[in-house]
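Number of protein chains: 2
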Amino acid sequence: MMKKINCLIFLSFLASLIMAQGKKSFTLDDLLTGGCTYFQMQPQNMYTTWWGNRCVETDIDGCCLINPDGSKTPLFTLSDLNKWLGSTPASPALRSCYDMEFPDDGQPIVAVTFTRKEGNTEDQTSIYTTINFKTGEKTGEQSYPADATLLDRSASSNNLAYVKGHNLYVITDDGKNIPVSADGSNDIVYGEAVHRNEFGITKGTFWSPDGRLLAFYRMDQSMVPDYPQVDISTRIASTYPCKYPMAGEAIHKVTVGVFNTATGQTVWLQTDDPTDRYFTNISWSPDSRKVYMIELNRDQNHAELVCYDAASGQREEVLYEETHPKYVEPLHGLQFLPWDSSKFIYQSQRDGYNHLYLFDLSSRQTATEQPTKAGGTCRERVTVTPLTSGEWVVKEMLGFDTREKTVLYCSNEIHPLQSNIYKVRVKDGRRTLLDNGEGVHYGSLSGDGSRLLDRFSSPTVVRSINLTETKNGRTRNLLTADDPWKDYNVPEITCGSIKAADGATDLYYRMVKPVDFDPNRKYPTVIYVYGGPHAHNVEASRNYLTRGWEIYMAQKGYLLFILDNRGSEHRGLAFENVTFRHLGVEEMKDQMEGVKFLKSLPYVDTDRIGVHGWSFGGFMTTNLMLTYPDVFKVGVAGGPVIDWQYYEAMYGERYMDTPQDNAEGYKGSNLRLKAGNLKGRLQVIIGYNDPVCVPQHSLSFLRACIDAGTQPDFFVYPGDEHNMMGTDRVHLHERITQYFEDYLK
Amino acid sequence: MMKKINCLIFLSFLASLIMAQGKKSFTLDDLLTGGCTYFQMQPQNMYTTWWGNRCVETDIDGCCLINPDGSKTPLFTLSDLNKWLGSTPASPALRSCYDMEFPDDGQPIVAVTFTRKEGNTEDQTSIYTTINFKTGEKTGEQSYPADATLLDRSASSNNLAYVKGHNLYVITDDGKNIPVSADGSNDIVYGEAVHRNEFGITKGTFWSPDGRLLAFYRMDQSMVPDYPQVDISTRIASTYPCKYPMAGEAIHKVTVGVFNTATGQTVWLQTDDPTDRYFTNISWSPDSRKVYMIELNRDQNHAELVCYDAASGQREEVLYEETHPKYVEPLHGLQFLPWDSSKFIYQSQRDGYNHLYLFDLSSRQTATEQPTKAGGTCRERVTVTPLTSGEWVVKEMLGFDTREKTVLYCSNEIHPLQSNIYKVRVKDGRRTLLDNGEGVHYGSLSGDGSRLLDRFSSPTVVRSINLTETKNGRTRNLLTADDPWKDYNVPEITCGSIKAADGATDLYYRMVKPVDFDPNRKYPTVIYVYGGPHAHNVEASRNYLTRGWEIYMAQKGYLLFILDNRGSEHRGLAFENVTFRHLGVEEMKDQMEGVKFLKSLPYVDTDRIGVHGWSFGGFMTTNLMLTYPDVFKVGVAGGPVIDWQYYEAMYGERYMDTPQDNAEGYKGSNLRLKAGNLKGRLQVIIGYNDPVCVPQHSLSFLRACIDAGTQPDFFVYPGDEHNMMGTDRVHLHERITQYFEDYLK
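Sequence order for the protein chains is A and B.
The number in the working numbering is simply the position in the first sequence, starting from 1, with 3 added.
The number in the working numbering is simply the position in the second sequence, starting from 1, with 3 added.
If you are wondering where the hints come from, they were derived from the structure by calculation, not from laboratory data.
No experiment lies behind these values; they were computed from the predicted model shown.
One thing to keep in mind: the hints can contain errors.
Identical copies look the same in the list; a pair holds intra-copy or inter-copy alike.
[Unchecked claim] In silico SDA-like pairs for lysine to any residue, Cα to Cα no more than 20 Å straight-line:
#1 Lys682 with Asp710
#2 Lys682 with Glu737
#3 Lys748 with Glu737
#4 Lys167 with Leu154
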């Protein structure tokens with residue numbers, strides 16, 4: 004009897020040995036950005052850019068033209084470029100050709116930027132040079148300080164705007180360096196993205212189409228306190244300034260200037276008192292004469308599209324208004340039709356889903372308040388025609404095909420988890436699918452929109468890059484990558500849907516089963532969660548968007564479950580704004596539907612359920628641990644929101660209003676008040692210098708737990724901000740894994 | 004067979020049940036200060052004070068005279084006092100009689116202090132009142148702001164000095180409030196203890212014996228940076244100032260003023276440039292005409308006893324000098340003989356152990372440099388006679404018996420772990436033991452030193468309080484407390500010695516065995532360590548000084564081991580200063596001798612050895628974990644020093660010199676450089692607002708571990724400083740216990 008058992012054990016050992024020999028295992032370094040072997044574990048890739056309508060491959064050691072038949076014609080090599088720039092092989096000006104630009108459709112010109120030390124000084128200068136790559140001759144050069152930031156070059160005038168020391172400067176094409184502002188400081192900033200990058204704001208300078216006028220943001224944040232951030236790397240620890248406008252507190256005041264490069268004068272848009280107002284989505288008219296902004300009140304429930312005269316700054320008219328009882332969130336500027344400057348595309352969720360609308364400036368009307376499908380109101384002072392509609396969302400507008408007069412965009416019309424590329428004809432709204440109708444596609448359009456570079460993956464395709472004629476959809480495959488994990492023991496990854504807590508809405512989940520899954524065993528299960536707006540975790544791309552850490556955990560014998568609850572993105576306004584004024588409540592109800600589903604599976608060990616998330620997901624993780632202490636045994640909450648009063652006004656008040664207006668809602672989502680509920684093991688991890696979810700969240704939570712007699716665990720990454728990058732990211736995930744290994748396994 | 008085993012299991016279960024019924028178990032609350040049941044688990048106590056030579060018991064609800072025969076005569080009750088003060092039972096001025104003082108030897112006067120709200124304002128005033136407790140009449144009253152700090156009252160003049168907003172004030176006996184300084188700030192402070200309370204400095208004001216002149220410290224710390232401490236309890240986290248002079252960096256400059264209450268003028272002692280000098284142990288001559296200081300250079304290896312004229316501030320003479328190649332550490336001011344104002348007692352380690360020396364100002368001599376037994380030099384400009392000597396230390400000088408002309412002190416002459424009370428006759432140095440020769444005694448002398456209150460405990464006596472005639476040693480027991488733990492399952496606590504790593508020196512340890520100890524089992528073992536100077540952990544007092552947490556851990560099945568290594572106190576200078584310029588090295592060698600001893604014990608599980616310590620003990624814990632990663636499996640390091648360059652100059656440079664002078668030593672003790680060695684589980688715990696071992700220590704260590712790829716654990720107590728108090732202390736020890744339970748058990 005004993006012999007037989009020993010024999011069986013030996014056979015089982017042999018089998019696992021064979022499996023281990025047959026398939027390799029991942030390290031965290033293989034699976035995480037920042038891991039030293041991460042890039043060699045990624046599917047083959049190809050980097051391209053446009054030279055007018057021509058597609059150019061920009062590789063590390065040279066650039067090739069990609070011909071219509073898919074063949075490649077070399078344009079130049081890296082060593083050519085360095086030779087033309089006069090640099091030696093020992094200290095090359097350029098180290099790769101990845102960032103090459105081809106600014107002139109008609110000419111063989113490549114634009115490069117490099118840094119040069121000036122004379123015997125320590126000063127560095129950045130040089131922007133254009134070179135004729137047929138002759139090797141330089142055709143232009145422009146220099147600016149190497150510590151210039153937020154560079155913004157006008158394609159039409161070649162004028163360059165940049166920021167240094169919170170002041171804005173312009174360098175003209177002929178090399179003149181003009182200071183636009185002089186009093187920039189930590190309190191007053193120029194040319195930077197404002198309103199903490201909410202409302203689609205990603206930059207602070209906006210060249211007019213002719214490249215002669217520069218609209219720019221000025222932000223007075225002198226009334227906003229600095230959150231005290233501590234730098235421990237100095238000889239004696241020191242603080243550095245970090246303006247942080249908390250919910251319900253005084254916020255910055257933004258104004259918009261228009262700098263004229265010919266006169267050197269700045270005109271200010273006459274917006275009236277900027278107190279408690281958001282100025283978003285700055286756009287220019289094609290003739291460079293008008294500046295448009297979408298203006299939002301602090302309550303974020305009333306948006307106005309306003310037209311200003313660029314020369315005088317005068318406020319000319321309100322073209323359109325939109326309200327909603329919860330919030331309106333303008334995220335996209337105006338896109339004028341290249342072939343008709345009286346019309347532009349506007350994006351709105353007024354029908355409940357983000358769609359494209361054609362606004363016609365040449366067709367004026369008396370504005371009357373009309374109800375919107377989303378439950379708000381609108382006033383149209385120009386004719387507005389929906390270009391797209393339906394219970395799906397336009398995820399991204401790619402641009403125009405000027406010859407066919409179509410608009411190109413990505414949407415999830417086929418399936419909520421997909422992203423496919425369509426063209427819509429402006430004259431009649433006829434939609435045509437331009438891709439294979441599967442998975443998730445990202446598109447990039449050539450100069451006139453006649454060609455489309457389509458980058459694609461799906462659960463069965465790791466990466467496919469295709470060049471498509473937008474006119475007829477004819478396509479040529481440039482790259483189909485092999486699966487780089489084919490020799491590895493990859494867990495089974497599935498996707499499915501359950502009903503939300505409302506009993507009606509479909510929610511999508513991803514499940515990553517333990518490697519060598521045995522349906523007769525019971526596995527410890529970890530729910531990874533984000534759950535907040537403007538994000539999703541499940542989609543029909545490679546591995547259903549599985550994160551590397553999930554693969555690693557599956558390899559260690561865990562089952563992973565990831566569910567996009569109501570409140571997350573790409574499912575329409577009502578799906579998102581159900582959380583209004585009580586963040587966390589509906590999201591948790593949905594996650595508990597996920598738990599109910601998990602409990603129905605025989606291979607889930609319901610006594611060993613853990614949860615992990617970061618940021619909003621850290622809020623969810625902490626909240627779930629404290630609200631369902633008998634369900635979740637172990638949690639790891641990264642950079643969590645603990646109390647929305649410590650979060651910034653711009654994002655926080657959209658969903659929660661102010662603490663003054665919504666005391667009940669803030670109280671209900673204040674996790675300090677639940678600190679005494681902690682039963683399982685919860686580790687809170689933050690970047691010590693997190694400027695997003697400032698340390699006050701987690702530290703005040705620890706204080707509350709200490710006072711309540713509960714024992715969370717805690718870790719900080721000194722010097723790191725809201726997310727850990729590089730090798731710290733690997734260290735972090737070792738840490739998270741170890742915590743589940745210690746307490747959930 | 005099976006039945007027999009079951010039966011045995013049942014019997015064993017029954018036995019433990021009986022034991023559990025027979026003896027109770029402790030909670031952490033029972034064992035830790037801050038625990039809600041701590042005080043009821045302490046031995047009975049008695050609080051006393053002196054009324055001249057009469058001993059008075061000050062209890063919560065009244066005061067009693069303790070008669071020579073031990074009987075008690077009530078003096079007054081708390082309600083008497085409150086009645087005399089005119090307060091109502093609903094809002095009594097006083098809530099206990101613990102702090103009563105009897106300032107007048109000849110009169111039935113009690114002095115009390117209470118706080119009163121002034122009129123309709125929010126202002127609070129503190130009132131110092133003297134009351135004749137025979138008649139109930141007030142005999143005097145003095146009021147001062149309730150937020151006054153650092154109160155210092157002259158017993159002879161009744162003048163009161165206090166500090167408010169970093170400025171110094173004096174209130175005279177007749178109620179005049181005189182500001183002594185006006186420019187007090189975070190940069191310039193008056194009347195406060197200086198030099199970070201090193202060199203025996205505990206206060207910043209020093210009344211002359213006649214109570215008319217006030218010597219005081221002024222400290223200019225404008226050149227010292229603030230360590231950025233963050234308060235997370237404000238609406239938006241904020242910083243508050245915390246001057247911190249780090250080793251090798253610029254330090255504060257101290258000067259000493261003498262304020263004359265009659266003239267209102269301040270004279271400054273003419274010390275010359277105070278840069279990089281320490282002014283310590285301010286003392287007055289009995290005639291109130293001279294001020295003495297012991298002045299120390301920044302290198303702390305040369306002390307001068309200097310005499311100043313109080314009226315002019317003139318520097319008159321250097322009476323005595325002492326040097327040592329490592330350091331000299333003056334800790335005690337001059338104590339003039341009450342019966343001969345030309346002589347005083349001076350304490351010094353010049354012979355290698357702290358002893359009493361009689362300095363005779365009336366006997367001058369030419370100072371020549373002489374070698375000291377400790378290896379340094381001294382210069383005596385007055386005749387110096389040793390009063391005590393030998394290879395033991397005077398721990399505390401208690402005062403004088405003026406009738407017998409003796410000096411009373413505590414020493415460990417009988418045994419290094421004991422503290423016994425002696426008198427020494429000044430005229431011939433004849434020593435007489437005044438207590439029972441056992442355990443650890445604390446003494447308090449009556450007005451003329453004729454009576455001694457002797458508080459005592461030993462491993463077999465939990466608390467004994469006795470009143471002794473100093474003349475003849477006749478003693479009367481006032482209280483012998485019952486053991487409050489007699490119904491509890493107290494672990495066996497033993498004490499013994501091993502040889503230090505030098506092979507010669509005796510080191511003392513305490514061992515706390517697991518409750519229900521079974522010598523045939525193997526127990527997880529935790530070493531508790533401090534290991535730094537000016538502290539000891541083992542002595543012959545109650546339970547050998549066992550800390551409550553050790554009892555708790557023993558109850559949970561751990562063996563505890565505590566060893567005072569070389570470098571700790573009460574064993575003489577050479578024992579302490581062997582660590583000079585390389586803190587941690589010798590201390591760890593000795594602790595490893597302790598480990599060697601533990602490994603020789605059959606009941607110690609050598610695979611489960613843990614270590615825990617705080618502050619210097621946190622440094623030791625971290626260092627041991629990183630230096631002997633194969634010995635220590637689990638460690639908890641509280642408020643650790645990680646890099647001595649982040650510690651304060653005054654303490655740090657004494658033992659380590661400056662980072663500039665001792666780069667090698669700082670490198671050798673910089674634990675960041677060993678961060679990659681971590682193998683076991685190490686939790687670092689700090690007070691988030693620690694102003695002693697500032698957070699930069701631990702945070703920089705975490706950074707080093709992250710960079711080295713090791714995984715320490717971490718916790719912070721927001722709002723707490725160097726030590727956790729109150730309920731936080733209980734929370735902390737739950738946490739520490741849990742860590743060993745998780746990883747060592």
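We went through each hint and held it up to the structure:
1. Lys682 with Asp710: within (15 Å within a copy, 33 Å between copies)
2. Lys682 with Glu737: between (24 Å within a copy, 14 Å between copies)
3. Lys748 with Glu737: within (15 Å within a copy, 23 Å between copies)
4. Lys167 with Leu154: within (10 Å within a copy, 54 Å between copies)
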